[in-house]
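The task is simple: from the sequences and hints, build the whole structure.
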Amino acid sequence: MTVAGAVGRTPVRPGRPKDEDPVTRRLRLTPWLFLAPALIVAVVFHVWPFLNTVVLSFTDARALGGGTFVGGDNYVRLAQDPSFWLATRNTLVYVAVVVPLLVLLPLLLAVLVQPQIRAMGFFRSVYYSPVVASMVVVGLIWTWMLASDGVVNQVLEAMRVIDGPLPFLTDSTLLLVSCMLVTVWKGLGYYMVVYLAALGNVSKEYHEAAQVDGASPARRFWSVTVPGVRATMFLVGLLSAIAAMKVFAEVYVMSYGSAGPGGQARTLVYTIREVGLGLGGEIGYASAMSLALFVLTIGFSAGYLRAQRAEAR
Amino acid sequence: MTTTLVPDRTTRPAPQSLRPDRSKHTRAGLVLRYTLLALMLVLLVGPFLWQLSTSLKGAGESIYSASPVPSQPTLDNYRTVAETIPVFRYVGNSLLVASASAVLNVVLGSMAGYALARLPFRGRAAADLTFLATIVIPFEVIMVSVFLTMRSIGLVDSLAGVVLPAAASGLSIVLMRTAFLGLPRETEEAAKLDGANAWQRYRHIAMPSVKGTLTVVAIFAFVFAWDDFLWPLVILKNPDNYTLTVGIQYLSGTFSANQRVIAAGTMIAVIPLLALFFSLQRWFFRGVGEGGIKG
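Sequence order for the protein chains is C and Y. This note's numbering numbers the first residue of the first sequence as 1 and each following residue consecutively. This note's numbering numbers the first residue of the second sequence as 1 and each following residue consecutively.
Restraint ranges, calculated between C-beta atoms of paired labels, are given here:
{"no.": "1", "chain 1": "Y", "residue 1": "27", "chain 2": "C", "residue 2": "262", "range": "53 to 61 Å"}
{"no.": "2", "chain 1": "Y", "residue 1": "95", "chain 2": "C", "residue 2": "262", "range": "35 to 43 Å"}
{"no.": "3", "chain 1": "Y", "residue 1": "95", "chain 2": "C", "residue 2": "160", "range": "46 to 54 Å"}
{"no.": "4", "chain 1": "Y", "residue 1": "89", "chain 2": "C", "residue 2": "204", "range": "52 to 60 Å"}
{"no.": "5", "chain 1": "Y", "residue 1": "156", "chain 2": "C", "residue 2": "219", "range": "52 to 60 Å"}
Some chain Y residues well away from chain C (every beta-carbon gap over 12 Å; in silico):
{"no.": "6", "residue": "58"}
{"no.": "7", "residue": "71"}
{"no.": "8", "residue": "79"}
{"no.": "9", "residue": "89"}
{"no.": "10", "residue": "92"}
{"no.": "11", "residue": "239"}
According to the in silico footprint, chain Y covers these stretches of chain C (three or more CB under 8 Å from chain Y):
{"no.": "12", "region": "42-53"}
{"no.": "13", "region": "283-297"}
To be clear, the hints were calculated from the coordinates, so they are not data collected in a lab. Backbone N, C-alpha and C fix where the C-beta goes; we use that ideal spot for every residue, glycine too.
In structure tokens, the structure reads:
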């Protein structure tokens, strides 16, 4: 760098403390001042608790006292805990049912509201309203709709589909099915909007060409629309799967906090909260369970992304 | 277009495709489309209206009657909600939590996003990794541990404890960073030559140019905080401190016999948000577009 005649812009030379003037030092400090508030939040409330969770999972920490190192005891206990396996099974079934529905149904809905005319703006907006509501509100609305004397049972009985009311909320299997229905109901609008953005990029010419060739709407959906939004379908699958792994509010609200008779409809997050929090909270054991959830989520995401990459080739 | 519809317009030659929306739709197709649209309308909005109707039905009226319109509409149930739980206090708590979350995400997210997009510094990988961790680690996984952290800094059972973990979400930072990267560099370079420091460039040049993204970040943080249930349920103990979602759930536990009152409670929780959504919907959709694809 020639000193003479250099115009105002002094390039910052990293990592040379000896020729560092005050201005340069300030330049190096400034970005960290910008980052500091967000970094503090991230470290104190995310990174540190995560590391702490790992450490605690090897201890017998409780809400009050405890905290000695117990090696892998919590994990051994986890492997033998029927409540944990029930929660894991319920959670995985939840993912397996909800994800295909949330990949396909919102796409159909998006195709339905796709035409760029004024009326469709109205439909898009109102279809989105369940997304805006809290899961607590949605859960309570459906609790009322699905009650033994609720409107769903009444309609089904009037249509002679069923003879007596179905125990949507008091049978643990039906409760889980009801919760899945609510998850899908609330998620439709969100993924519909995600798909709408993708549908805008599917070339109109393909549709028109297929139409000229006499392809039926159903045929065009499978042969033109679906391949055109394939990447988005993968994305929706991943997002909805990660969300479903963490299912909690649906089950909690629709069972008044009990997860069904005997807690048979419990999910992983439900169980983590039950075990780890409160005065008798077994924090060490809950931490091990939390890490099981983490491994499940990350493992699934990694496997999923790998499958997507293989598919793309 | 008032001419009679020819059933098979689609076989017409190429020029017709310049007006695809007219040529594509047969009458049967249109009828089918609007039937499905109406059906979905009933399925997705019906439950809200049913709940609204239940909340307005008087004690003398059957809530099982198929009639969706209350014959003697009354606000008594809303009064009962207010007598049973301190619902205005809960509305206030939720407003406070949601507004604080919106402001914090806008300020902290934009500052961090600006540094990541525009300022040269060493240790970028460490910063990226830290923010990535907040996105990749589900909050549910660390919730027990965050509760312990809150206990050790004395924020259990406080609204600050509700707000802080989501005060600078990874999504906010990513959205802001992307918005700043999309701005032309020239104006800021010129300001730099004129002696503007990083803060001035951020505050007076960059920030006014990304108002749209700031709105999206604010709205998403607000709605997320307003709707959140699990974390407030975990950290709030004293019923006076409840946010609306926890309070409404509490109401349903104490009043499980009276559907009218629970319905009124849920309406109080959802109507403000639906009003917000219908007045600012384009920002919501823009947020899903940007956040869903990048987050």
